[in-house]
Structure formats: structure tokens, C-alpha cells
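S.K.: Listed below, chain by chain, are the residues.
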Amino acid sequence: MHLFVIFLTGALFSAGLMVSGMINPAKVIGFLDIFGVWDPSLAFVMAFAVIVYGIGLRLVLRRPKPLFEARFFLPEGLLIDRRLVGGAILFGIGWGLVGFCPGPAIAALGAAPGQAAIFVAAMLLATSATRKLQRS
Amino acid sequence: MHNFIAASIGGILIGAAALLLMASHGKIMGISGIVSRLLPPLANDWQWRAAFIAGIVAAPLAWRTVSGSMPAIEISASIPMLALAGAIVGLGTALGNGCTSGHGVCGVARLSKRSVVATGLFMASAIVTVAVSKHLLGN
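So the protein sequences, as listed, match chains A and B.
When we follow the working numbering, the leftmost residue of the first sequence carries the number 153, and every step to the right adds one.
When we follow the working numbering, the leftmost residue of the second sequence carries the number 5, and every step to the right adds one.
What the hints contain is simulated information worked out from the structure, not anything from laboratory work.
Some hints could be false.
Straight-line distance between alpha carbons at most 25 Å, and here's what the computed SDA-like set of lysine to any residue pairs gives [to be verified]:
hint : chain 1 : residue 1 : chain 2 : residue 2
1    : B       : K117      : B       : I131
2    : B       : K138      : A       : G188
3    : B       : K117      : A       : L213
4    : A       : K284      : A       : P227
5    : B       : K138      : A       : D185
For reference, chain A alone in the conformation it holds in the complex (with noise of 0.2 Å):
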């Protein structure tokens, strides 16, 4: 029951990806390309996304747990380091360059097999190879 919420939420997200368009590589490229036909639209997607979990999460954190948790997981993390600093910039390159970023192209799977399995794969491999090394 309770991972089929879990599923359920996944396909919300997802729905949330196709509606907007950030599921596809074109429009985000279109979003980013600031200096030339710029399409603003994809800005919408991140400021309702905040400004619903921003409000909805105050609230929700005042229950004293999840409904199917003992706990709420939350970051604790106040570091901002070389790791944080120097993998965010890798990232915006790496999104930059296709369009993709991790949840589109999981959801592109689905649509686009081929590609967004390619871009998927070398993306496994390389978080995988990543935790590895620093695990060592």
C-alpha cells in the first residue's frame, strides 16, 4: 500500500515534467539560452514548485512524523564545500549541454528509450564510479 503511494507520487512528479515541458531537452535549452531566443516560461515550473513545497512543508512538518515513517529525513548539512561547489558547476554543464537532468531523463525512458537510455546509463555509471571513489 504504501509503496504504491510512493508510485503514484513518482507519476505526479512526472506529470508535473510532461505538463510543463521539462521533459523535453529543447524547450530547457531554450530556457537556458538566455542570450539568444530566450523562452522564459520554464522559470514558472521552479517558482510554483517552491512556492507550493515552501508553504505545504511548513505545515506538514508540524506533525510529528510522516504517515509511514517513525521520522522526517531532512539534510542536515551546512557545508558548502569544494564537492558541493565544484559538482554543481559539473552538473550545469552536463544539463547545459543536452538538456537533461536527472528527473526528464528518467521520465524520458519511457517516451524516448534510445537517447534518454544512453544519457541515462552514462549518468548511472558515473554516480556509481563517483560514490565508489569516495567511498574508498
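Let chain A serve as the given structure and place chain B on it in line with the hints.
M.R.: Only chain B this time, still in chain A's reference frame:
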């Protein structure tokens, strides 16, 4: 539907999904983090992660069944470029602990300093990357 309205509705759906994940399971909706712990060594709590990813993949298929067509997905990048960009995204999100969803939506909404800094940096580097590849290199 007008672009801005569609984008706003999409944003509300994404925010609602993130909220639902926190309310039901107390977890941050960061896609790179959720999927990375499905890789070996598999996290103990892999089940919810797998269910979430399955939902993401299933929605476009359900959309096609209902509407008869896929949402537009236009990819101009070559195969080697897709692989290169995927690898850089995989490396960057593992080092920086997050992507557009975890840092850009959840972290920014929580006013996490790490996420605000990361989001500013990846937006800036993505904009510069597009500017260089489109306007300098003419891709």
C-alpha cells in the same frame, strides 16, 4: 495551453509530489539521490526508491495510452554527446549531492544554504554552457 500556464501547473504538480513524499515517507524528493542508492551497494531502503522511479517512468506511458500521443521530446544532441553529458551529470550530482529537484526545488524552498548556493551555480554554469555551445561553437 499557454506556455506559462502549462509551466505553472507543472510546477504545482512537482511541488505537490515533493510535498506528498515528505508527508507520507519523510523523504526529500531529490531524483539524483533517490536513484543513486539503487546502485550497488544497494541501500536497505531500496523499495520506496524503486517504486518512485517506476512511477516516473510509468507516467509518460500512461499518458500515451490515454491521449494517444507522447509529450514532445526533442533531442538534438548526438549519441556521444548524450553519453558525455550523462556522465558529467552523474559525476556532478554525486559530488554536489543533488540536482534540479533536490537542490533546486526542495532545498531552495527549505532555504538550505547549500542548496541555494548549488542552484545558483548550476543555473549559471548551464546558462554559460548553452551560450558557449550555441553562440560560440554554433551547435
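S.K.: Hints first: check each against the structure and report whether it holds.
M.R.: Okay, the hints, checked on the actual structure:
As the CA atoms of B:K117 and B:I131 are separated by approximately 21 Å, the hinted pair is consistent with the 25 Å bound. For the hint pairing B:K138 with A:G188, the CA-to-CA distance comes to about 9 Å; that is within 25 Å, so the pair holds. Only pairs whose Cα atoms come within 25 Å are accepted, and B:K117 paired with A:L213 is accepted, the gap being roughly 19 Å. Proximity of A:K284 to A:P227 is assessed by CA-CA distance (about 21 Å); at most 25 Å being required, the pair is judged to hold.
With a C-alpha separation of about 8 Å, the suggested pairing of B:K138 with A:D185 holds against the 25 Å cut-off.
Comparing the model with each numbered hint stated earlier shows that all of them hold.
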